[in-house]
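Chemist: Protein sequences appear in the order of chains R, X, B and Y.
Numbering-wise, the working numbering puts 139 at position 139 of the first sequence, and it's gapless, one number per residue.
Numbering-wise, the working numbering puts 7 at position 7 of the second sequence, and it's gapless, one number per residue.
Numbering-wise, the working numbering puts 71 at position 71 of the third sequence, and it's gapless, one number per residue.
Numbering-wise, the working numbering puts 71 at position 71 of the fourth sequence, and it's gapless, one number per residue.
Don't read these hints as lab results, they were simulated from the structure.
Heads up, a few of these hints could be off.
If chains are identical, the list can't say which one is meant, so a pair holds when it fits in one copy or spans any two.
[As the list claims (entries may be wrong)] Calculated cross-link-like contacts (lysine-lysine; reagent style DSS-like; alpha-carbon spacing at most 27 Å):
no.	residue 1	residue 2
1	Lys198	Lys264
2	Lys201	Lys146
3	Lys198	Lys277
4	Lys277	Lys201
5	Lys277	Lys146
6	Lys146	Lys264
Protein chains: 4
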Amino acid sequence: DRTHILNLSCTDRPGIVARVTTSIAAVGGNIAESAQYWDRSTDRFFMRILFTTPREVNHAVIHGALRSAIDGFGMTFSLTDGDRVPGILVLVSRFDHCLLNLLYQIRVGWLRAEVRGIVSNHEDARTIAEQHRLPFHHLPVTRDTKPEQEARLLELYRDSGADLVVLARYMQVLSNGLSTALQGHAINIHHSFLPSFKGAKPYHQAHERGVKLIGATAHYVTPDLDEGPIIEQETERVTHALSADDLVAVGRDVEARVLARGVKLHLERRVLLNGHKTVVF
Amino acid sequence: DRTHILNLSCTDRPGIVARVTTSIAAVGGNIAESAQYWDRSTDRFFMRILFTTPREVNHAVIHGALRSAIDGFGMTFSLTDGDRVPGILVLVSRFDHCLLNLLYQIRVGWLRAEVRGIVSNHEDARTIAEQHRLPFHHLPVTRDTKPEQEARLLELYRDSGADLVVLARYMQVLSNGLSTALQGHAINIHHSFLPSFKGAKPYHQAHERGVKLIGATAHYVTPDLDEGPIIEQETERVTHALSADDLVAVGRDVEARVLARGVKLHLERRVLLNGHKTVVF
Amino acid sequence: DRTHILNLSCTDRPGIVARVTTSIAAVGGNIAESAQYWDRSTDRFFMRILFTTPREVNHAVIHGALRSAIDGFGMTFSLTDGDRVPGILVLVSRFDHCLLNLLYQIRVGWLRAEVRGIVSNHEDARTIAEQHRLPFHHLPVTRDTKPEQEARLLELYRDSGADLVVLARYMQVLSNGLSTALQGHAINIHHSFLPSFKGAKPYHQAHERGVKLIGATAHYVTPDLDEGPIIEQETERVTHALSADDLVAVGRDVEARVLARGVKLHLERRVLLNGHKTVVF
Amino acid sequence: DRTHILNLSCTDRPGIVARVTTSIAAVGGNIAESAQYWDRSTDRFFMRILFTTPREVNHAVIHGALRSAIDGFGMTFSLTDGDRVPGILVLVSRFDHCLLNLLYQIRVGWLRAEVRGIVSNHEDARTIAEQHRLPFHHLPVTRDTKPEQEARLLELYRDSGADLVVLARYMQVLSNGLSTALQGHAINIHHSFLPSFKGAKPYHQAHERGVKLIGATAHYVTPDLDEGPIIEQETERVTHALSADDLVAVGRDVEARVLARGVKLHLERRVLLNGHKTVVF
Numbered sequence: 001d002r003t004h005i006l007n008l009s010c011t012d013r014p015g016i017v018a019r020v021t022t023s024i025a026a027v028g029g030n031i032a033e034s035a036q037y038w039d040r041s042t043d044r045f046f047m048r049i050l051f052t053t054p055r056e057v058n059h060a061v062i063h064g065a066l067r068s069a070i071d072g073f074g075m076t077f078s079l080t081d082g083d084r085v086p087g088i089l090v091l092v093s094r095f096d097h098c099l100l101n102l103l104y105q106i107r108v109g110w111l112r113a114e115v116r117g118i119v120s121n122h123e124d125a126r127t128i129a130e131q132h133r134l135p136f137h138h139l140p141v142t143r144d145t146k147p148e149q150e151a152r153l154l155e156l157y158r159d160s161g162a163d164l165v166v167l168a169r170y171m172q173v174l175s176n177g178l179s180t181a182l183q184g185h186a187i188n189i190h191h192s193f194l195p196s197f198k199g200a201k202p203y204h205q206a207h208e209r210g211v212k213l214i215g216a217t218a219h220y221v222t223p224d225l226d227e228g229p230i231i232e233q234e235t236e237r238v239t240h241a242l243s244a245d246d247l248v249a250v251g252r253d254v255e256a257r258v259l260a261r262g263v264k265l266h267l268e269r270r271v272l273l274n275g276h277k278t279v280v281f
Numbered sequence: 001d002r003t004h005i006l007n008l009s010c011t012d013r014p015g016i017v018a019r020v021t022t023s024i025a026a027v028g029g030n031i032a033e034s035a036q037y038w039d040r041s042t043d044r045f046f047m048r049i050l051f052t053t054p055r056e057v058n059h060a061v062i063h064g065a066l067r068s069a070i071d072g073f074g075m076t077f078s079l080t081d082g083d084r085v086p087g088i089l090v091l092v093s094r095f096d097h098c099l100l101n102l103l104y105q106i107r108v109g110w111l112r113a114e115v116r117g118i119v120s121n122h123e124d125a126r127t128i129a130e131q132h133r134l135p136f137h138h139l140p141v142t143r144d145t146k147p148e149q150e151a152r153l154l155e156l157y158r159d160s161g162a163d164l165v166v167l168a169r170y171m172q173v174l175s176n177g178l179s180t181a182l183q184g185h186a187i188n189i190h191h192s193f194l195p196s197f198k199g200a201k202p203y204h205q206a207h208e209r210g211v212k213l214i215g216a217t218a219h220y221v222t223p224d225l226d227e228g229p230i231i232e233q234e235t236e237r238v239t240h241a242l243s244a245d246d247l248v249a250v251g252r253d254v255e256a257r258v259l260a261r262g263v264k265l266h267l268e269r270r271v272l273l274n275g276h277k278t279v280v281f
Numbered sequence: 001d002r003t004h005i006l007n008l009s010c011t012d013r014p015g016i017v018a019r020v021t022t023s024i025a026a027v028g029g030n031i032a033e034s035a036q037y038w039d040r041s042t043d044r045f046f047m048r049i050l051f052t053t054p055r056e057v058n059h060a061v062i063h064g065a066l067r068s069a070i071d072g073f074g075m076t077f078s079l080t081d082g083d084r085v086p087g088i089l090v091l092v093s094r095f096d097h098c099l100l101n102l103l104y105q106i107r108v109g110w111l112r113a114e115v116r117g118i119v120s121n122h123e124d125a126r127t128i129a130e131q132h133r134l135p136f137h138h139l140p141v142t143r144d145t146k147p148e149q150e151a152r153l154l155e156l157y158r159d160s161g162a163d164l165v166v167l168a169r170y171m172q173v174l175s176n177g178l179s180t181a182l183q184g185h186a187i188n189i190h191h192s193f194l195p196s197f198k199g200a201k202p203y204h205q206a207h208e209r210g211v212k213l214i215g216a217t218a219h220y221v222t223p224d225l226d227e228g229p230i231i232e233q234e235t236e237r238v239t240h241a242l243s244a245d246d247l248v249a250v251g252r253d254v255e256a257r258v259l260a261r262g263v264k265l266h267l268e269r270r271v272l273l274n275g276h277k278t279v280v281f
Numbered sequence: 001d002r003t004h005i006l007n008l009s010c011t012d013r014p015g016i017v018a019r020v021t022t023s024i025a026a027v028g029g030n031i032a033e034s035a036q037y038w039d040r041s042t043d044r045f046f047m048r049i050l051f052t053t054p055r056e057v058n059h060a061v062i063h064g065a066l067r068s069a070i071d072g073f074g075m076t077f078s079l080t081d082g083d084r085v086p087g088i089l090v091l092v093s094r095f096d097h098c099l100l101n102l103l104y105q106i107r108v109g110w111l112r113a114e115v116r117g118i119v120s121n122h123e124d125a126r127t128i129a130e131q132h133r134l135p136f137h138h139l140p141v142t143r144d145t146k147p148e149q150e151a152r153l154l155e156l157y158r159d160s161g162a163d164l165v166v167l168a169r170y171m172q173v174l175s176n177g178l179s180t181a182l183q184g185h186a187i188n189i190h191h192s193f194l195p196s197f198k199g200a201k202p203y204h205q206a207h208e209r210g211v212k213l214i215g216a217t218a219h220y221v222t223p224d225l226d227e228g229p230i231i232e233q234e235t236e237r238v239t240h241a242l243s244a245d246d247l248v249a250v251g252r253d254v255e256a257r258v259l260a261r262g263v264k265l266h267l268e269r270r271v272l273l274n275g276h277k278t279v280v281f
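Turn these sequences into a full structure, and let the hints steer you where they fit.
Modeler: Have a look at this one:
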């Protein structure tokens with residue numbers, strides 16, 4: 001059997017589910033998971049269906065079956081091969097906890113992904129790459145070399161065939177150009193509970209403000225820094241007794257978990273964009 | 001428009017969703033919410049659909065439209081009028097925090113329900129009933145009068161037309177007979193994180209064991225005490241510095257919340273039974 | 001026996017604890033609880049001690065015993081009668097969930113306090129006040145009458161002998177003057193996880209931003225709106241499927257809990273100010 | 001300067017804190033952290049003090065200064081060198097997530113410890129040991145060889161000079177003899193929220209019961225299996241949609257975190273035994 005994941009959105013109207021699921025049944029599809037959401041404020045409808053079909057039913061066949069529904073309802077849609085292991089390109093600077101957790105979760109099968117390469121502006125992660133027999137790309141960056149470095153990065157991404165760029169504590173702000181080129185295909189972990197503490201050194205900001213919870217946010221990269229659609233968040237209780245450095249240490253766990261979950265949700269095609277927000281099935 | 005909620009389960013086979021949603025579309029239904037689950041271990045399929053139809057489409061019409069699907073797939077199913085406010089009968093002993101939270105959540109509209117009556121083996125809750133202009137039934141109970149008391153309770157439930165009996169810290173064990181009569185129609189709050197600390201005085205058991213988290217569990221009542229299908233649970237952090245009585249106090253919040261959520265999930269028909277477990281959509 | 005609570009802070013130096021606890025022992029005091037914190041970044045030391053003494057040991061005696069330590073270390077300190085039930089004045093507008101939870105927690109003894117009065121710019125809470133036989137003060141406010149209304153409010157607070165003003169969803173911004181007059185003696189509940197979503201309609205802001213967690217913050221009132229020292233915070237998971245109005249409903253629980261905990265911490269003298277941050281023992 | 005950690009417990013009486021802190025001040029000690037707890041039900045007093053002294057003040061000097069307090073109050077006490085990095089011996093079977101997290105947290109400095117060796121009944125962890133240049137001891141075990149294997153294990157522990165044995169998903173039940181020998185010096189991670197789901201395969205038990213939260217428990221090893229004093233616990237929300245194997249995967253994170261926290265609390269001498277319960281400062 002083959003597994004397929006269909007994501008779609010369109011203006012809400014009666015009969016969408018019936019049309020789509022009937023088309024799937026028509027090609028011998030069996031629905032294993034489905035979820036839907038109707039945004040009353042925008043009257044927009046969102047759906048994700050995971051279904052299996054006989055081997056011979058390929059994407060062309062499914063497209064053919066769905067064609068009239070897609071056209072009739074004016075659907076935005078994507079069809080993903082659920083059997084193919086998706087590829088990711090991981091960007092990292094010095095902190096390696098998010099990278100290590102991704103590699104670990106891939107190894108034990110919780111995260112179904114293949115790392116196509118590790119890119120860093122530092123040399124620190126090279127050993128990890130070697131231990132895991134993964135391509136390592138050292139792309140140092142200065143203010144002057146940023147355009148070239150980003151061009152090289154984009155090239156690496158395209159050559160790698162990766163589906164997603166993961167900024168796993170990559171401490172460089174991407175240019176508008178690169179952010180735009182990667183939009184919808186790059187996830188960043190921000191080490192605060194956005195929209196609190198945007199920008200640099202969020203744990204130090206949090207310590208300064210005296211909050212009783214810290215957090216982390218996995219979001220899509222957009223040209224507007226720390227304003228991208230939020231995929232996943234979590235908080236952790238802290239006390240007055242922790243220094244800013246303690247918060248950095250405590251925050252590692254929550255960052256690593258939130259990023260891994262965000263990446264998993266994306267790769268399983270559970271995240272749909274709804275303007276600058278996400279629908280997460 | 002009318003709102004309907006359809007719950008169904010059957011052995012998994014291709015085409016279920018298409019058949020059901022096509023039947024719904026055929027009577028002019030528009031699907032607002034749907035969720036499904038396929039239990040691979042038992043090969044059983046579960047689905048909940050909330051849909052709207054024109055005024056004139058009543059249950060008989062929908063039944064007619066779904067008839068061949070129901071028969072063809074051997075479905076267990078229920079169709080609920082989504083516009084009718086469901087009724088509950090609340091049982092309480094001395095602690096009134098769960099009762100008060102239910103009344104509050106109903107008043108502010110978070111919980112859509114109508115209290116048909118309050119039943120207690122004590123007089124304490126009478127004032128609350130009077131303030132809310134609700135029928136209050138004092139049904140004291142002793143070992144000897146238990147059969148009659150329970151008979152009276154069941155009669156009250158039936159006369160009230162309530163959809164659900166809520167044991168909101170009702171500190172009497174129901175007999176096998178009454179538990180069976182109410183099966184699937186009675187929710188209890190147990191003041192521990194089941195299966196930890198079954199039976200009496202769970203906070204004292206928890207204190208004795210020195211746990212670092214306490215909890216509460218909303219579950220369906222079954223003849224097998226504290227073994228009913230679990231609907232909702234939550235835990236709360238505690239420390240060595242709290243006495244057993246402190247745990248009782250700290251636990252009030254979590255009990256009140258967990259019970260209210262369990263009742264809401266049930267009344268919105270989001271809970272389906274899967275053997276002695278629940279599917280919660 | 002008598003119970004006393006001693007809070008103190010001073011520049012850190014060796015021997016503080018020994019001096020203070022020896023003075024307490026000298027008047028026959030037995031320490032039941034103590035907590036301390038040394039802020040390395042400011043080199044400031046904070047301590048809270050709860051101790052019992054024989055009946056005849058009054059505050060003058062304890063002050064006498066501690067005098068040389070207080071002077072020698074240049075301590076900021078306060079001594080509180082642990083047996084006296086502290087008074088609160090509750091300010092409320094239309095939403096009453098925070099008020100009701102305070103009243104409930106007082107009734108069941110989790111919160112040791114006495115409500116000296118309920119003040120509102122609306123009439124809605126009058127019934128609650130009457131049911132609880134509490135003084136109700138209707139102080140409507142317009143832009144023009146604000147100075148008089150606030151003068152009346154401050155007068156009520158002073159006449160009531162309350163230790164704390166609790167803004168339990170009081171939807172008026174206090175003027176700089178009143179904020180300053182009440183500084184350290186007024187706690188507000190802000191219905192967001194500060195510093196996210198300051199200002200008006202935080203749930204609508206949260207919905208707009210598409211966050212995956214909402215929260216509430218109990219903080220001291222300062223002239224700088226939503227910037228007061230944070231006492232307690234908590235978050236709650238939400239999804240894309242909730243509207244802004246749903247967030248308002250979901251948020252009630254977390255607001256009510258966070259405010260009650262903040263008030264309890266303050267009244268038990270567990271909160272010490274450390275600049276614009278708090279130390280919470 | 002030198003750092004010392006003093007833990008003590010005794011029957012509660014007035015003057016304990018004054019006596020102890022005065023003795024500390026007498027040798028030039030400056031208290032950086034202190035915490036205390038009075039168990040009203042047993043009238044037992046517990047205290048932990050972290051203090052610094054000049055270089056030349058060694059344990060003999062401190063013992064001398066504290067002698068009369070210790071004798072006078074009949075204290076159980078321990079004095080720990082706060083500057084020495086404590087050693088641990090890690091036992092592991094096939095699952096390596098808890099081991100990896102310990103190694104990671106040590107590397108980044110969150111956990112202050114030195115791994116003296118890794119012991120396993122399998123060969124799987126050898127590579128990890130080699131990458132970290134740590135001694136690896138393969139001690140396979142069968143029913144027949146268990147006595148010898150345990151004797152060897154105990155010998156390794158003693159030779160290593162480790163302060164603590166950490167059972168990081170070591171899937172062998174220790175004999176009564178070994179449990180007793182290690183009592184208070186061995187921490188196990190149980191992959192459930194004890195006392196729920198004792199014994200084997202707790203995630204499968206949890207799945208079978210249909211709980212809505214899973215958890216993990218770090219506890220001291222005692223001859224009475226899964227009944228040892230609990231140090232730390234945490235839960236994680238799950239749904240009906242997760243299989244038993246999914247629970248195993250989801251549980252890794254919570255196990256790894258809870259164990260690392262339990263080990264950190266122990267090594268920082270924050271855990272005191274109170275009968276079969278713990279006081280955690």
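Chemist: Compare the structure with the hints numbered earlier in the document and write down the numbers of the violated ones, lowest to highest.
Modeler: 5, 6
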